[in-house]
Amino acid sequence: DAGVIQSPRHEVTEMGQEVTLRCKPISGHNSLFWYRQTMMRGLELLIYFNNNVPIDDSGMPEDRFSAKMPNASFSTLKIQPSEPRDSAVYFCASNSMGTGFLKTQYFGPGTRLLVL
Amino acid sequence: AQKITQTQPGMFVQEKEAVTLDCTYDTSDPSYGLFWYKQPSSGEMIFLIYQGSYDQQNATEGRYSLNFQKARKSANLVISASQLGDSAMYFCAMREPNSGNTPLVFGKGTRLSVIA
Numbered sequence: 001d002a003g004v005i006q007s008p009r010h011e012v013t014e015m016g017q018e019v020t021l022r023c024k025p026i027s028g029h030n031s032l033f034w035y036r037q038t039m040m041r042g043l044e045l046l047i048y049f050n051n052n053v054p055i056d057d058s059g060m061p062e063d064r065f066s067a068k069m070p071n072a073s074f075s076t077l078k079i080q081p082s083e084p085r086d087s088a089v090y091f092c093a094s095n096s097m098g099t100g101f102l103k104t105q106y107f108g109p110g111t112r113l114l115v116l
Numbered sequence: 001a002q003k004i005t006q007t008q009p010g011m012f013v014q015e016k017e018a019v020t021l022d023c024t025y026d027t028s029d030p031s032y033g034l035f036w037y038k039q040p041s042s043g044e045m046i047f048l049i050y051q052g053s054y055d056q057q058n059a060t061e062g063r064y065s066l067n068f069q070k071a072r073k074s075a076n077l078v079i080s081a082s083q084l085g086d087s088a089m090y091f092c093a094m095r096e097p098n099s100g101n102t103p104l105v106f107g108k109g110t111r112l113s114v115i116a
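Top to bottom, those sequences are chains A and B. If you count the first sequence from 1, position 9 lands on 9 in the working numbering, and the numbers rise without skipping. If you count the second sequence from 1, position 83 lands on 83 in the working numbering, and the numbers rise without skipping.
The following block holds chain B by itself, in its conformation from the complex (with noise of 0.2 angstroms):
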């Protein structure tokens, strides 16, 4: 079974516009972190925000919202006032437990495309 799940394998969205790439995940262990990646089309990775399970709050970072939904088992990304350098490959993962000597699971990714 897929322990991370991205639906969406591209989204479309107008510059300024707000939008939300999903995420589901599945796990036992009452410890893990929830992370959130891009890959622009230069190929690195790069780190954008996280929620730890633990958290009694929803993480954010400037643009970049995590709506975390435990009971749901979801962790969807919002990225408010896109632009267009926002578009990009966008990876969900997991660590579990939450520890940094832990591997990531990542999800297949969601292709965002931010039109003009």
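In isolation and in its complexed conformation, chain A is listed as follows (with noise of 0.2 angstroms):
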């Protein structure tokens, strides 16, 4: 099976420019999670999903974040406009719900973002 996809694997832009991130969680999972990784925060939350539907979104920074999940294989992260401190590697992951060992997170290979 394939595991969570995430691209593009890199991105450098310029400061303003519009960014999206592309995510397909692994086939049967219904929770995606979207993470940030900084030297300064570490791993911190940004927003998550259950069944597609947005649950928590207050680990996004500011209006400049936006994330959708329009089906159950697709979820788009998006930052309009960009500014160098959105530089960070950004990880998707997922997992089944429910209880126990087998709700498992996975993630994907992570974007690694540098905006100039």
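What the hints contain is simulated information worked out from the structure, not anything from laboratory work. Only true hints are included.
Distance ranges between label pairs, derived from CB positions:
#, chain 1, residue 1, chain 2, residue 2, range
1, B, Ile46, A, Pro61, 25 to 35 angstroms
2, B, Ser28, A, Asn51, 22 to 32 angstroms
3, A, Ser87, B, Glu44, 15 to 25 angstroms
4, B, Asn58, A, Glu62, 36 to 46 angstroms
5, A, Met97, B, Tyr54, 15 to 25 angstroms
6, A, Glu62, B, Thr20, 32 to 42 angstroms
7, B, Arg72, A, Ser73, 40 to 50 angstroms
8, A, Gln80, B, Phe12, 35 to 45 angstroms
9, A, Pro70, B, Arg72, 38 to 48 angstroms
10, A, Ile55, B, Ser28, 13 to 23 angstroms
11, B, Arg111, A, His10, 17 to 27 angstroms
12, B, Arg63, A, Arg22, 32 to 42 angstroms
13, B, Ala18, A, Ile55, 35 to 45 angstroms
Beta carbons: idealized from backbone N, C-alpha and C, even for Gly.
Hints given; two lone chains; assemble the complex.
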């Protein structure tokens, strides 16, 4: 089975440009999470979806960030306009709902974003 | 207050020796899950091991074991017979309650270096 797929793997853009990050969760998983990793703040949750519905977006830094999950197999994280402080690695992760061990969260390879 | 505390920013271990990476957590929820992930220099997040709060026995996965001390709220990762390929960042994470539709909270990580 394919794991979580993210694209692009690397993105270099200039301040003020729009950036769109994409994620395809593991088939059959119905929870999807977006995390951001920086040296200063470590790994932090941005937003997560259950059954394509956003549940908690309190981690989204500001209105420049938005996320959608139009269907069970696709999600986007958009930054508009981008700023240098948005430079980070953005991870998408998924797991199936329910309790216990089988609900391990699997991560995509991440998108390394650099905003100049 | 931090939910997950990893007090060792960096650790060194001799090849073939065992090493313990510390993790303490803070929660009042009786249902929680504890996870360890490995992040090599390539950047991906690799799931290693899981411990549920109701599990009676300590989790083991190959050379990895989790020393779960519930009363002390600690979940230390033990790596036996260290290999050069174990050099990486290691993150402890918790989910509360322990269900698949709950995000993970991560510690700051411990960088492990294995010396030949």
